[in-house]
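So the chains spell out like this:
Protein chains: 2
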Amino acid sequence: MLGLMQQQSLLISSLIEFAENHHGDTEVVSRRVEGDVHRYTWADVARRSRQVAKALDAQNLPQGARVATLAWNGYRHLELYFGVSGSGRVLHTLNPRLHPDQIAWIANHAEDQVLCFDMGFLPLVQAVHSHCKTITHYVALCDADKLPQDSGIPNLVSYEAWMGQQSSEYSWPDLDENTACSLCYTSGTTGDPKGALYSHRSTVLHAYASALPDSMCMSARDAILPVVPMFHVNAWGIPYSAAMVGAKLVFPGPALDGKSVYELIESEGVTFAAGVPTVWQMLLGHMKPAGLQFSHLQRTVIGGSACPPAMIDAFREDYKVDVLHAWGMTEMSPLGTVCTLKNKHLAMDAEAQMKLRMKQGRCIYGIEMKIVDENGQALAHDGKVAGDLLVKGPWVIASYFKQEGASPLLDGWFPTGDVATIDADGFMQITDRSKDVIKSGGEWISSIEVENIAMAHPAVAMAACVGMRHPKWDERPVVCVVKKPGVELTRAQLLQFYEGKTAKWQIPDDVVFVDAIPLGATGKMLKTRLRVQLADYVLPGL
Amino acid sequence: MLGLMQQQSLLISSLIEFAENHHGDTEVVSRRVEGDVHRYTWADVARRSRQVAKALDAQNLPQGARVATLAWNGYRHLELYFGVSGSGRVLHTLNPRLHPDQIAWIANHAEDQVLCFDMGFLPLVQAVHSHCKTITHYVALCDADKLPQDSGIPNLVSYEAWMGQQSSEYSWPDLDENTACSLCYTSGTTGDPKGALYSHRSTVLHAYASALPDSMCMSARDAILPVVPMFHVNAWGIPYSAAMVGAKLVFPGPALDGKSVYELIESEGVTFAAGVPTVWQMLLGHMKPAGLQFSHLQRTVIGGSACPPAMIDAFREDYKVDVLHAWGMTEMSPLGTVCTLKNKHLAMDAEAQMKLRMKQGRCIYGIEMKIVDENGQALAHDGKVAGDLLVKGPWVIASYFKQEGASPLLDGWFPTGDVATIDADGFMQITDRSKDVIKSGGEWISSIEVENIAMAHPAVAMAACVGMRHPKWDERPVVCVVKKPGVELTRAQLLQFYEGKTAKWQIPDDVVFVDAIPLGATGKMLKTRLRVQLADYVLPGL
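So the protein lines, in turn, are chains H and R. Position 400 (the first sequence) corresponds to 400 in our numbering; numbering is contiguous. Position 432 (the second sequence) corresponds to 974 in our numbering; numbering is contiguous.
Keep in mind that the hints were calculated from the coordinates and are not lab data. Just so you know, not all the hints are guaranteed correct.
[As the list claims (entries may be wrong)] Once the Cα atoms are required to be at most 30 Å apart in a straight line, the calculated BS3-like pairs of lysine-lysine come out as:
id: 1; chain 1: H; residue 1: Lys-344; chain 2: R; residue 2: Lys-862
id: 2; chain 1: R; residue 1: Lys-886; chain 2: H; residue 2: Lys-259
id: 3; chain 1: R; residue 1: Lys-1025; chain 2: H; residue 2: Lys-54
id: 4; chain 1: R; residue 1: Lys-830; chain 2: R; residue 2: Lys-1025
id: 5; chain 1: H; residue 1: Lys-484; chain 2: H; residue 2: Lys-472
Keep in mind the model is a prediction, meaning the values are calculated, not measured.
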């Protein structure tokens, strides 16, 4: 027997309609590529999103067609989020930090038909457009009079000319909620990039879950600064969740330096900011010497990589800002866990709380997770045993774009490629990437733990641990270290630094000093390349 | 093109599984009918819910069958919420405050097959069971040794004997998310009661929305006391949303007096409580003379009827507790609006904020609303024009149980039967019930406004305004008043009290002093009965 409730699809268009109807005069503020600050309201976003939808209709772009963007966080990008997806097309956010060859490869794989780009990426588009076989329309995100005359890009139009001439009279189509709405490619460190094709349903459910008090806790009293780029898993879905709760949105544009971010936080009364540790490092680096404080900022969510304890401390102690660790993946829309304390933890002392805060956190409802051993057997949630982390839920992918035949799932579960522990309270902690974990004499050594100890040494700027083949132990850890400028550090000193901080057999066999660690487009260490650099390396004593 | 996300149904069983997996040791505390306090955990709720499911399987109760309850808020009732719905049956919460004839009528209409009841309701069950044609199993919510020997109820078993013998090894069925999960009847003041048949999908989406920061703001740091009964629109869905966020739950049982509620709030560290104004009146009535304060309570949500401003003031000023107005209906699962301020309101002065707090609030995402005139034309959202309030959304009914042919919807919108204004910020304020509004000379007079002014007079205990036929004006308002004991109040004094507080033509034509105003089972005034009492009444001057 079915219930007798209204059948209403969970659609992205309903998010922007809600924001318009109930939060029409709430501001959306953007620092533009041009450097000035643009301000308007959710009602304006809604109106102009409908114009975008009509512009796509006008060029007869079919349902499901991919509209790509190469753009920073800003209001025009936001209009594309709603106009493209809401009208039944698929928004494909390209990552401008990738190599041009990769961008062209991804655009061709996605079969993008339209590309909308910030003017700052004109040189990039000029470099790749002749390789992008399927793109027929190029739209520069600028005013009509800012359009360059001889860009060399065929049929280039300005965004304002393209959509500005359209009427805003438009009714959003009533789509099946499982319709595809957006496409993000993982910047895989190995193999070709793979696309996650989100649906309206998955996006709206993710927005509900990510706005909950135990997730990012978003409300109409917030002014939200997504520093995390809109080309990086849809800025963790914040454009959608902000519309859902009617929060003020503040976009930083391309200016992610500490000074610019600080000024925007202060001038716009930002209460909540989200981003990767690198950005917060720059922000604190700007504030500390100048003795600056926040006047409205209450909390930040940090994801993308683990946040150094010192940074959490600084935010909490020096700036009275709560710092939440979050964890997710492109394949998870992205949010899986947030590290918010439970009632019973509030009475714990600061040190015990900090230990908890360093974990990636616990599941928000919708996501389930488990850890398994090499045979796929579930492991205990005791906070000690580490295993391969598997997840499932309505905003986790079932398959990759155009790889429908080859399911990545294991018995319905998505293997994250992370190695983690889960404690009795459900708090998950990543201990390593599956491919980075060092298997030594049948035991696992976490490369991240080895790196964290090295990073705690005052002379170390960056550290990467890799496993090296060993005839007896299978693998043994070696730590590659970039020294801070102007300081001395010897191999023996660093190895001695490990004493007492970890089990003897987990101490690396060697230290290799390098000038730099190779980083990927999103700032993650590329250990595959590091291993190539170490091709001729031989472990001591072999 | 469809997205490539995991298809996972939104099911009530996934809520209890989530609570077990991630919040297994979080407490669920119940003051029992017996008077003592019972405590266990979400893991226990999950385990025993599975035993309930197996007990229903053991008696071959088919999918979709209705399992009725007559019970206060407590742990066994909670187990039935998950065990009955999770296993594919329909939980039907009967309202014990209704007249026995009504209860029997509703049980027959619902075709309930099982009835689970608190021992306190044994006399009620004894009175009705012979009229309940479809009920074949009676379960007393008690231990085996508490079962009365000669109850006169056929095949009566104790809950603990019934489910306690079952194994807790059970896999929840993977149902269609649109499957019916629970059934609540409206206690209509006119006509026969009508059933709202909720689905798993509507219930889970409602749980997401109601836990949001701008709704009831529920998290794993909360200890939640639902004073609103579980037989009253599923205690506003709190059993589901508390499981979703892993909050501690505290059940008051039948003891809703001020002293009992206060002691429970204090002893269990309750942070959030939800209920109707009457209960809070009793609570504050107990606290004030004794000079008591709350040590953990942060906020209350008040719904069911409008909250007197003095009560909001008392909570905020004297007890530092935030009071949120909420509004909804049985037909809405029930939540439609919550009155939480926006960022821009935070800077307003206390008086302006209070004016806002007196409204029923703004929509949570999922619900849309509009007001229309008598011709169905949409009216302005200016906070002044009042019209019939219509709503829609995925947790609003499409039709009533067994009335599938006769849709209550108007062009997809559910008519609430309320008259309301909506302001430019989306804040809705109920001005009257459609059937109570007084139509005088082509203008509408809000019976609630007339009542509120009378209620503000220190000598008035209760007031009800009804429209009386008038040959010239169609209708004119008359206010029926119950005086406070031992105080004097004349007709002329009260009518003078209206001067300057409302427009002249909105002042009632007469005051009728009565001993009592007839109330329905949920404490709402029954104006239909009041009109019967006034059948012989003639307006002054006619």
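Please write out, lowest number first, the hints stated earlier that are contradicted by the structure.
-> 3, 5
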